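Got two chains here, each in a separate frame; can you build the complex from them with the hints?
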Amino acid sequence: MEEQNKSEWNLVLPILALVSFLFVVLRMNPDSFGFDASTSSFLIVAVPLVVFPAILIIGQVYKGKDLWKHQLKEGGIIALAALAITLALTIWLIVEFFAHHAHFDEQGTIFDWITFDILLEDKALTESVFSFGIWIDSVSLTVLFVAAFLCFLICWFAIGYMNTDPINEDRNHRFFAEFLLFSMGMFGMVLADSFLWLFIFWEIMGLCSYLLIGFYWEKPSAAAAAKKAFLTTRVGDVFLMIGLFMLYDLYHSLEFAVIFGDPTLGGAVHGVDLQWPLFFMFIGCVGKSAQFPLHVWLPDAMEGPTPVSALIHAATMVNAGLYLVARMFPLFSEHHFEGDLSDLAMLIVWIGGITACMAAFIAFVANDIKRVLAYSTMSQLAYIFTGLGAACWFANEGYHHLATVAFGAALFHLFNHAMAKGMLFMASGSVIHEMHHAHDHVHLYDDDDDHDFDPQDMRNMGGLASKLPVTSTAMMLGSMSIIGIPLIGGFWSKEGIIGQAWNVYLHGGEMILFPALLVLATAGMTGFYMSRMWFMTFAGKPKTEAAKHVHEDTPWIKTPLVTLSLVTAFGGILLAMYGFQHFLGEDPDTAHLSSHGLLYTLRHAFLPEEMTLKLVGWTAILLSAGLGPFIAARMHGGRLDDGENATPMVAWLVDLSGSVGRTDVGELAEGGFAQALHNRLYIDDFYEYLIAKTILPLAKISAWIDKNWVDGVIKGIESGSQSTSTWLRQFTTGRASDYLLMAAVGMLAIVGILWGVV
Amino acid sequence: MITFLGNPLTVLTLLPITGALLLMLVHWMADDEKREMLANPIRYVNLGIALLMLLMATLIGLEETFGLAWGEYLYQNCEVGAVSTGSCTLISSIGVSWHVGIDALSFPMVWLTTLLIPITMVVEWEAKKDGPDRAYFHSLILMMEGALIGVFVSLDLFVFYVFWELTLIPMFFLILLWGGSDRRYAAQKFFIYTFTASVFMLAGILVMYFNNDASWVGNITGKSFDFILMETSTNFIASEGLRSVVFLLMLIGFATKMPSVPVHTWLPDAHVEAPTAGSMLLAGVMLKMGAYGFLRLGVTLFPDQVIQFQTLLLVLGMVSLVYGAVVCLGQINLKRMVAYSSVSHMGLIFLGVATLQPLGIAGAIFMMFAHGIISPLLFAVCGSFKHHYHTLEIDSMRGLAHSSPWMSAHMMVGWMGSLGLPLMAGFVAEVAILIAFYMTFGWWVVLPALTLIITAAYYLWSMQRTIFEGGGDVQLPPTMRDEEPRDITWHENTGMLILGALAVIYGIYPDFFGMFEMMSNWASLLVENVIYPPEVNP
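Order-wise, the sequence lines are chains H and G. First residue of the first sequence? That's 0 in numbering that gives the first Met the number 0, and the numbers climb one at a time after it. First residue of the second sequence? That's 0 in numbering that gives the first Met the number 0, and the numbers climb one at a time after it.
The following block holds chain G by itself, in its conformation from the complex (with noise of 0.2 Å):
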């Protein structure tokens, strides 16, 4: 028995995905002289599917900031007593529910999620192949939406599992249709690699799952995936070393997708080859979902290790944040050194969490928000220069703020946002990350700190020589020919310009919509209830 419909969060994820599966399913029955009339009336579908969504998360947000508080999982389609007796089953034989919920750690992604999803339409409204494969552009960007915000919503551990890998689905195709010259190996990679990595992050959840006891009618196992019976176990896996095993499985998953040095390699292929609406959402989102998962499942349920292996998530975000900005001043290709960036930011959110201070992991969660604010914002421009400059070479073109002020005014906020300007979000989530690592990690903090140097350097060193210069005229890259530059077309600058505002407005007052306030409470129970536990300081 299924108890999920009518529930806004079971919406929010099957909307887009069935959505999306009839919109192609439709386009795809259709022969030649009408799938080229369809094109465009589905994008309009898709993207006003999108906006609907978008609606949606919102409304749950206003509801929640000004009714009830962030503590405990709201809308969910069925209760803990309700998921222990079986109500909610999914697959009854080996105990998976559907089982969805929101808290102040999913809901500024899932709202991440809807806004970025029609942002990306809009940027890349002419997905750029010919003929009538196009349509399936935007339907497969709603799919992936659906995906995300299933694996930000989903409670029970292999639904999860499945949302994960979903994910991975459609961006495949996004990156092997649409993306560059080498994009076939790109999409083998990007799909190899993750899915490699979250085979271990299987096993931890299998690991899990045949600890966490529970049994109804028809359940042969008498397991359950379910996350809020684990969280709520008192005996859930009981073996120290059991429970380090698994963190340290679970880890390799996050850390991979988020991703951290040493298994960050996919991502810069991945993103230099991936379309801009790719990118976008690759950046956007799907790594947040290294930091959401390893927050949700490896923090929330192994407060001991998080502890015990606090040296290594130390070492873990230092080298990603060091070593990430040295390798992105060393970046000939624009969008590669986008791409090391994350990786470089990525490893802020790692120190955050090593803190185990409230401040500390609010700023974490921050940075994912702000992250992935800004990030799509500096896609969005690397993706107008391969679309109207046909390069990504820093160094071969100069002066373009002539021809493309709009793109270079863009640039210039995406890049400043991102080195950490302040009043802009990423400063917001810096300050609040290193202000608790001083507090924790002491004297450490200089080497972040100097790297903010080599941050501003690689920005600052990139537009120099793309935009500025050029002594009065534009420098054409020769990819251009004999074309004449252009500036961005309206759909680009419209995308922009609202992530370029919210990057703004979220450093200007980060509790816009509630949000630093929900992350820093739910940061607080978070320390308060699970890490330092009330009963080892009464």
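If we strip away everything but chain H, and leave its shape as in the complex, we get (with noise of 0.2 Å):
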């Protein structure tokens, strides 16, 4: 315990930092300086732009030593402390925002990027400017603070769990500057005023991912999931590459402000047009979203570090997608544009739900742990692209109310699912961490150590409700709030996505009525696989040794889990009361907190007033939280060994699930579905056989005719003056004195020439 309290002790530095921002800020008479949270909040970009190389390059020089190892954690504390400088600088920011938001529209550009002309139709040169500048709406500050707070307790959490790993020693000042340039480009694609820097940026994070990913590069595995990540995403960011030089075309900008903003601009536009560049851009979103059908890097994408994870594959990155989508929002509520793009908004829907039920299929089978829950990460992350589909169906076709709710329900369930899955997330990561220990500590002086242990096997784990307390108490609410059980995070979002989803239909869009039956069902397949995941790892008696002989003693990883435990489990029924669905849709003003607030989001939730979605709502809920939670209980549930006292917060929930009755489901899980499951419908499969069957031979080929043809040609000239070569052959010699002085000899005669010519 007091070695402990020791190693947090270093947590003075981070604290100090964000203390003593918040004081000089305040302090400071903020106008005479012209410096303002809006002014100063590209240092939320800035400083960890300027800190991830220091400590990459401390770290390279001092590994090793004490100072550095210790106390600062490898650079742990050094990015800690840059990541609570830019979470104080998003809160002041969105303090501000509330306090006058009405001046914060417009930025201004901090730099130009690069400056040039254009040639119109008409021959004439226009000058055209790429610039930096800093964006903000309630949109984007969302996505900010999700970004900020979820790095800075990652981060936390990464100190705990990377430098107790002596796998990781002396090279997780890599880890953690990393962690950093890919917060950086988090911060800066939510921050950008225009489409060409949120590219940017997005493609910073897809570098960081394939660097991260690829963390442990001496496993092969490793390295394999770094290069699929990076290919299946680049795939998507081409199109999306693509869709901007389209955009491009039609506004002679990527600014925010000028496609968005000037209404003669827009004008000048038809919607038509518009069609294949969002088409293309979403198909960017797709790939970095994980997608069906880019969805494949996901799930490989787990080799990383838990806390990679953690950030990027669930709470952070992956939502770049989303955002992106969000921030296509606009053009199709543009009045002129109407029904021109309700098809694409269609397709948003379609891809959303197919994928939704698709990863919860797979989801169904997954014995890994960070697997389980990749899969559940791409199918909520379809659940808010349904959200955001819908949305733009509604607004393309008019009615701006309901897709303000569609909007505002889709990123409020990005929001409670980035906190409930980066929740999970490192909940998943103690327990293996814990896992790995127990596994060491049992195999300590056992000479037949079996390497086959996989300490991520949800099959090794079991009954760990008694020994994990923290963490399967944040799990519970995690998948609770994932599931969708009624009052807890996800639920109040999870609702009003499928409730518009449905309502999409009700109002005429009936090509909807497919991904909508789908969403329906995979509401009650979270139930199964989540529930599934906390029972076969919580409950029942320990499957092996090593589960016997967990504890919960890594420092540093409780507190991230207790303060998003707290999150998940408030903070969705306090945004909900707040009418944070309205904040996010329409004027902020709206939103504000009361009990009136809560009255209505209730009766909204559980009693709305159209017959159809009372009646999808209610189905919804008792798929989630009854039949897909009892089935699992059925399936994976049970008792704690006798002596074994699980913490009362999830006590409860262990006996519960031991009071169910058993259902064998050997037979089921040897079936042929099972198995295409297991091989994640061959999905993946296909795409390398593909690879391997088209572009390969086209390259080797390709390398072969270059050699034996094209240069074959000149082989072939060269080979009929070969008696040519032989008697050049004569002057060389190989030696260099020689050449060099028939160079000077002809050096000589030239200038020798040229000077008696002239």
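Think of the hints as simulated: they come from the structure by calculation, not from any bench. No experiment lies behind these values; they were computed from the predicted model shown.
Listed next, the in silico SDA-like pairs over lysine to any residue satisfying Cα-Cα at most 20 Å (straight line): (1) H/Lys714 with G/Ile191; (2) G/Lys222 with G/Phe209; (3) H/Lys699 with G/Asp394; (4) H/Lys706 with G/Asn332; (5) H/Lys122 with G/Ile306; (6) H/Lys706 with G/Tyr184; (7) H/Lys540 with H/Asn644; (8) H/Lys699 with G/Arg464; (9) H/Lys122 with G/Thr299; (10) H/Lys714 with G/Phe190; (11) H/Lys540 with H/Gly637; (12) H/Lys706 with G/Ile191; (13) H/Lys64 with H/Asp164; (14) H/Lys714 with G/Thr195; (15) H/Lys699 with G/Leu449; (16) H/Lys122 with G/Pro302; (17) H/Lys714 with G/Gln187; (18) H/Lys122 with G/Gln309; (19) H/Lys122 with G/Gly441; (20) H/Lys706 with G/Gln187; (21) H/Lys122 with G/Val529; (22) H/Lys706 with G/Glu392; (23) H/Lys547 with H/Glu643; (24) H/Lys714 with G/Arg183; (25) H/Lys218 with G/Gln463; (26) H/Lys218 with H/Asp367; (27) H/Lys218 with G/Trp460; (28) H/Lys706 with G/Ser180; (29) H/Lys692 with G/Trp460; (30) H/Lys62 with G/Trp405; (31) H/Lys218 with G/Asp394; (32) H/Lys699 with G/Val321; (33) H/Lys122 with G/Gln307.
In structure tokens form, the structure reads like this:
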């Protein structure tokens, strides 16, 4: 215990940074300096950008030194301090935004990246600029807060997780530096005021994702996963780039202010022309947010260290695609585009519906705790896509109020999901970490240590509820939020999304019926696979020796779990009462905290006026909170070993799971469909087959052709003049001095001729 | 009469050539004992001259960036009026003058050359050949610098052609004497191939010469090689057909140099056999001679033909880009792969010019510059593979990041820069070219864009199979035998760090040292005044 306190004592530095920063800001009269929240917001990007190379370089030089390793946690403390500053700036920004958000519309440019001319149809040159600036509105603030808050907590977690593992020794500085670079990319993407800079930061995140997935580059699976992630998202990114080119061609600018701001410019563009650019940009979103058919990288990305999975592949980076769709949203609601873009909106809903269901199915059979969460991430992101698609459809069909409701619900789910999933990944990290340590402990003096032991496999766990009280509680709350148990976290937003998807159907979008059914069914499936994960891990009897010896004693990793548990448990309802959806969708002024808000929200969630919606809502609740967990409990639930007591927070759930009876599903798990699910529906195999059968042979053949045909012609000419070359070869004696002599004589001759002629 | 001494460009051109020749002469004349002693000082003198050159070029740039606009030729030793009176003739009888000048197209190339030369010298500080001959190595590089700068600054086509061919000589020796196992073949192929191509260019230059009237005392032919006279002349090659022929002749010469498919096969062989410094210069500057010549002589003098042959340029560029990338994917030799990636990237330059958009042309020029920074880094990395692991076979090693962390870091930076990662120099050029490309050719943009995926694929795949994997320990290639693996030397590290830093600086701030701005101005002026001149569009 003492040692633990000592290690967290290092927190003095980041906390000091946070407090002193806030102190300085509050003491100073901001206006007199021309320095306020909005003008200083570029620091949110600049601070990590400056600190990350510092950590990298100092770490490379001082690695192994006591101060660096134990006091600064191989740079973790520095990273945490930097993230504390960005979090403080973000909070300040939000406070200021509420105080007088009217001034936040346009922040001006920070610097001009490139300035150039373009030639228009009439052969006239027009100057155009790609500049970097800051754009702040309610959407960007929401995502920014999610990113800054989670980056801070996950960095905190990572100090505990990474620095206690000997395999990471002396290379954690690389982790923390890349982590900071990633945060920089995320903050930059959210704050950028043009699609171009959004894309630039988007790619920076892709790079960091590559670097962090490949953190254990010596593992072939990690190196392959990193490459797969980069290339798969690259496919999407390239289409996004094409979309941006098209958008540029239409507006001659990529700045939000120009594209959304100027009604005359909007008037010159036809909605039909926007279909393709928006479609291509959406492909980019599909790649980044791991939606079908570009989802294959996300499960493999779990090769990275767990904090990375939590940060990048659950909480922040995968939200980038959603954020971009949210940024495209105003174009859908442009008045004179009415009806032109509804097919695209429907496509977004379809992609969302298909992915939600597919990922949930695959999660049924996943045994790796992180992969369950990965598929769950895909599925939940798909929900958000469905909600955004519904919002886009409403907007394009002219139902502006419903559009804002759906839009708000979708982004609200983004918030809830990010918080819950970030916590779930950290909790799973805690489980894996402790399993790993327990396994090492059990087999400490064991010669026949089985190296095949997988600390991530849930079949090795079981009964951990009594050993990991904080983790099991956090995981329970997170799972409940994801499942959508009434009143907790994600319930509020998920209800909204499913409801609005059906609402589209009621308003004439018949095409949505299939995806709407899928998301409804997925609600129940979510209930099953999340409960399955929890029961397999925490309920029942320990399935291995290691699972019996697990202890929750690693420092640093409890604090973020507790913090996020509180946010997950109460954040949803508080924000719902506050009218968060309206804050996102409409004028922020309408949002305020009130008991009236609570009643309104409750009535809206449980007793909508429309009969179909009421039916859909209650079906979703029954499926997700009732049927799914019930089946999961019958299959995987069970009481703990005698004498083991779970913390009261989760004991009721363990007991409940032990009292619903037992179903054996061994036969079902052997079935063909289960096998297909184990193989991820063969989609990865199909892609691999496709690549191995098309582009790779093509490359080999091209290389051969280039060597033998294209160059062969030249070689033919050469051998034809064999005699000449034989003669020439006399002069190539191989001695430098001979050649130099020849060269010098030649040069002298040339100079001589020149002088002579002159 | 020669009025060229005292002009900074003249000094830039002739100082390294004379310096290098003198140093080689000194070395050659010394006896064996002294040679050994002299080798090291000669190296330092070479480096000193190269750094002095960099300083001079930087000063020229600074003065112009903050002083004058780049719209015209600066630092001419000889104004146009003086050219036509023959007051700066070099060979009076046939109308050759010493006429140098610099503008926003040539300055980036000159600066790039002066920047790369010291870096290449430092990277291959220990020219790996034993014995006294190695002292020639750095002198040859210095001589190369003079020839390259001569190409970029000369405004007289005769002199231009002489320098153009002069660049071949040091490179020929660099490959022949310090190259790999098959160096003799590669050196000959390189020389003969590019020499043959430039004969076409020479034919074009001669036609241009005979259509460029100028006469002064002593001028027997009544013609001049002067570029400015051609540019300003109102009746320069009147016949449309002849213009097309000349344009195509020039195109053959330049496309081979760039190189463009199908006349690219000299490049991989030359690169694979060349020493590190040779490859770095070959990719960094020599390929740009082709692009520079095309912009300077092809586009500026024959704007109508560029419009006429726009499709040809499009096809050349597209085939180079796509085919080059696909061939890269099939390579098993690291350096050969990087060489083909140069072919692929050079294709983008043709595409940029073919758009006939100021943005596209500016992007093409920036591509020349960005590729000039990034590709030397790539070849330096390849060189360190060859140097420390004695092989370039991609699949023969794993996990080298264990034994060579710095080399791996540089590989990562270079590879990422070359595949067009944002905030690195290559991305700026790619975005500029592709946006302009879409504005001109529309949906065809899908092809170059998809090629970016292939580019990413071959780079990432090659990294995975060399520096990564290995399962906890490094797997050395068989060529290592019992040697202990080492990381790169501090010489190599310094050079690569500078290149990597520049690639990032130019990605974040392309206007650093005024670069993108001057290129964009040049491109706008070209499109405004030359390609679509005002009288066509009043």
